[in-house]
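Novice: Sequence:
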Amino acid sequence: MSDIIPTPYKSDLYQGSVLERFKINQLKVGMSKTQVQDLIGSPSVIDPFHNNQWDYINYSTPGVGSIVHYRLTLAFDNATLTKINTTGTDSLPQLTDAEKVLEGKRIAEEKARAEAAAKAKIEAQRIAKEKAIAAAKAKAEAEQLAKDKAAAEAKALEAKRIAEEKAKAEAAAEVAAKAKAEAKRIAKEKAAAEAKALEAKRIAEEKAKVEAAAEAKRIEEANRPWYKFW
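Every letter in the sequence shown is one number past the one before it in the working numbering, and letter 192, counting from 1, is 192.
To be clear, the hints were calculated from the coordinates, so they are not data collected in a lab.
You may find that some hints are simply not true.
Below, in silico cross-link-like pairs of lysine-lysine (DSBU-like), each with a Cα-Cα straight-line distance of 35 Å or less [stated by the list, open to error]: (1) K119 - K23; (2) K139 - K119; (3) K100 - K111; (4) K160 - K188; (5) K178 - K168; (6) K119 - K166; (7) K121 - K137; (8) K111 - K131; (9) K160 - K139; (10) K119 - K147; (11) K129 - K139; (12) K129 - K160; (13) K166 - K178; (14) K207 - K180; (15) K201 - K190; (16) K28 - K111; (17) K121 - K83; (18) K155 - K129; (19) K100 - K83; (20) K184 - K168; (21) K28 - K121; (22) K119 - K129; (23) K180 - K190; (24) K160 - K147; (25) K23 - K33; (26) K137 - K111; (27) K83 - K111; (28) K160 - K149; (29) K33 - K168; (30) K209 - K190; (31) K180 - K166; (32) K217 - K190; (33) K196 - K209; (34) K23 - K105; (35) K188 - K178; (36) K207 - K188; (37) K33 - K119; (38) K166 - K188; (39) K129 - K100; (40) K149 - K137.
Computed from a predicted model, the values in this text were never measured in an experiment.
With the hints as constraints, model all of the structure from the sequences given.
Specialist: Here's what the structure looks like:
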């Protein structure tokens, strides 16, 4: 006769949200509500006033084994996951060996992605810094070129102004010299004309004197009697 004492069969009784530690471990701050639901399903309770807290509650009585009772609380800021409280999930079954392998692989991949993202960020910052330095250098060079160009243009304008003023001064000096020479020539011609006029007057006066003397002598000769008293 068998020593096994038969016991009545008890079916598993699950009440509330059914969660797996493997999926809970994949939750990350920054996920959206949709991503959370896609991963672990809909919550048992949602904050009725603000919709900013989700609770996943389970109280299950398996046919064989201990009672399972856990509570997972998630907090959101608008639609973004900001806090994960797993203190009430200690009664969840531990990861299986296969899940541990997958968990390790996932963590390694996430670490690699994080390191790659950090390196990419550092590289992007380096490139951005180099671009900023190059842009600042190019800007400074452009400003210096513009400054040099403006200075050269100002210098050219000043040289042009000086040249124009010099040309005007030289032209004015030439006009003044011509005017002076012309005035001198006119004065010389005037003096010569006056001297010529004086000479002509002197000659005319001398001629008049000679002619007057000759006329007086002629008259005297004409009035002299033909006889003499002696």
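Novice: Now tell me if each hint is right for this structure.
Specialist: Taking the hints in turn, this is what the structure says about them:
1. Of the supplied pair hints, the one linking K119 and K23 holds, its CA atoms being roughly 28 Å apart against a limit of 35 Å.
2. A C-alpha spacing of about 29 Å is found between K139 and K119, which places the hinted pair at or below 35 Å, so the restraint holds.
3. Pair hint K100 plus K111 holds up; C-alpha atoms about 16 Å apart against a cutoff of 35 Å.
4. Distance hint between K160 and K188 is unfulfilled; the C-alpha atoms sit about 41 Å from each other, more than 35 Å.
5. With a C-alpha separation of about 15 Å, the suggested pair K178 and K168 falls inside the 35 Å cut-off, and the hint holds.
6. The hinted pair formed by K119 and K166 fails the criterion: a straight-line CA distance of about 69 Å is larger than 35 Å.
7. Taking the CA atoms of K121 and K137, the gap is about 24 Å. The hint holds against a cut of 35 Å.
8. With a CA separation close to 29 Å, the supplied pair K111 and K131 stays within the 35 Å bound.
9. Distance hint between K160 and K139 is fulfilled; the C-alpha atoms sit about 31 Å from each other, no more than 35 Å.
10. At roughly 41 Å between alpha-carbon atoms, K119 and K147 are farther apart than 35 Å, so this suggested pair is violated.
11. Proximity of K129 to K139 is assessed by CA-CA distance (about 15 Å); at most 35 Å being required, the pair is judged to hold.
12. Proposed proximity of K129 and K160 is contradicted: the alpha carbons are some 45 Å apart, above 35 Å.
13. This hinted pair checks out: K166 and K178 have alpha carbons roughly 18 Å apart, not beyond 35 Å.
14. Distance hint between K207 and K180 is unfulfilled; the C-alpha atoms sit about 39 Å from each other, more than 35 Å.
15. Simply put, K201 and K190 have alpha-carbon atoms about 16 Å apart, close enough for the 35 Å limit, and the pair holds.
16. Annotation: proposed proximity of K28 to K111 holds, straight-line Cα distance about 13 Å (limit 35 Å).
17. Proposed proximity of K121 and K83 is supported: the alpha carbons are some 25 Å apart, at most 35 Å.
18. A distance of roughly 38 Å separates the Cα atoms of K155 and K129; the hinted pair therefore is violated under the 35 Å criterion.
19. Distance check on the hinted pair: K100 and K83 sit about 24 Å apart at the alpha-carbon level, within 35 Å; holds.
20. For a cut-off of 35 Å, the pair hint linking K184 to K168 stands: about 24 Å separates their Cα positions.
21. Between K28 and K121, the direct Cα distance comes to roughly 20 Å. Compliance with the 35 Å bound is thereby established for this hinted pair.
22. Between K119 and K129 the alpha-carbon distance is near 15 Å, which keeps this suggested pair within the 35 Å criterion.
23. Restraint check: the Cα-Cα separation between K180 and K190 comes to about 15 Å, which is no more than 35 Å; the hinted pair holds.
24. For the hint pairing K160 with K147, the CA-to-CA distance comes to about 20 Å; that is within 35 Å, so the pair holds.
25. For the hint linking K23 to K33, the alpha-carbon distance of about 15 Å falls within 35 Å, and the restraint holds.
26. For the given pair, K137 sits about 38 Å from K111 by alpha-carbon distance, which is inconsistent with the 35 Å threshold.
27. The suggested pairing of K83 with K111 holds, with an alpha-carbon distance near 21 Å, which does not exceed 35 Å.
28. Pair hint K160 plus K149 holds up; C-alpha atoms about 16 Å apart against a cutoff of 35 Å.
29. Between K33 and K168, the direct Cα distance comes to roughly 86 Å. Violation of the 35 Å bound is thereby established for this hinted pair.
30. A hinted pair counts as satisfied when its Cα atoms are at most 35 Å apart, and K209 with K190 qualifies at roughly 28 Å.
31. Under the criterion of a C-alpha separation no larger than 35 Å, the hint pairing K180 with K166 is consistent with the structure, at around 20 Å.
32. Restraint check: the Cα-Cα separation between K217 and K190 comes to about 40 Å, which exceeds 35 Å; the hinted pair is violated.
33. Restraint check: the Cα-Cα separation between K196 and K209 comes to about 20 Å, which is no more than 35 Å; the hinted pair holds.
34. For the given pair, K23 sits about 14 Å from K105 by alpha-carbon distance, which is consistent with the 35 Å threshold.
35. Only pairs whose Cα atoms come within 35 Å are accepted, and K188 paired with K178 is accepted, the gap being roughly 15 Å.
36. Note on K207 and K188: the hinted pairing holds, with a Cα-Cα distance of about 28 Å set against a maximum of 35 Å.
37. Restraint check for K33 and K119: the C-alpha separation of about 29 Å stays at or below 35 Å, so the hint holds.
38. Note on K166 and K188: the hinted pairing holds, with a Cα-Cα distance of about 32 Å set against a maximum of 35 Å.
39. Taking the CA atoms of K129 and K100, the gap is near 42 Å; set against the 35 Å cutoff, the hint is violated.
40. Taking the CA atoms of K149 and K137, the gap is near 18 Å; set against the 35 Å cutoff, the hint holds.
Violated hints, in rising order: 4, 6, 10, 12, 14, 18, 26, 29, 32, 39; the structure is consistent with all others.
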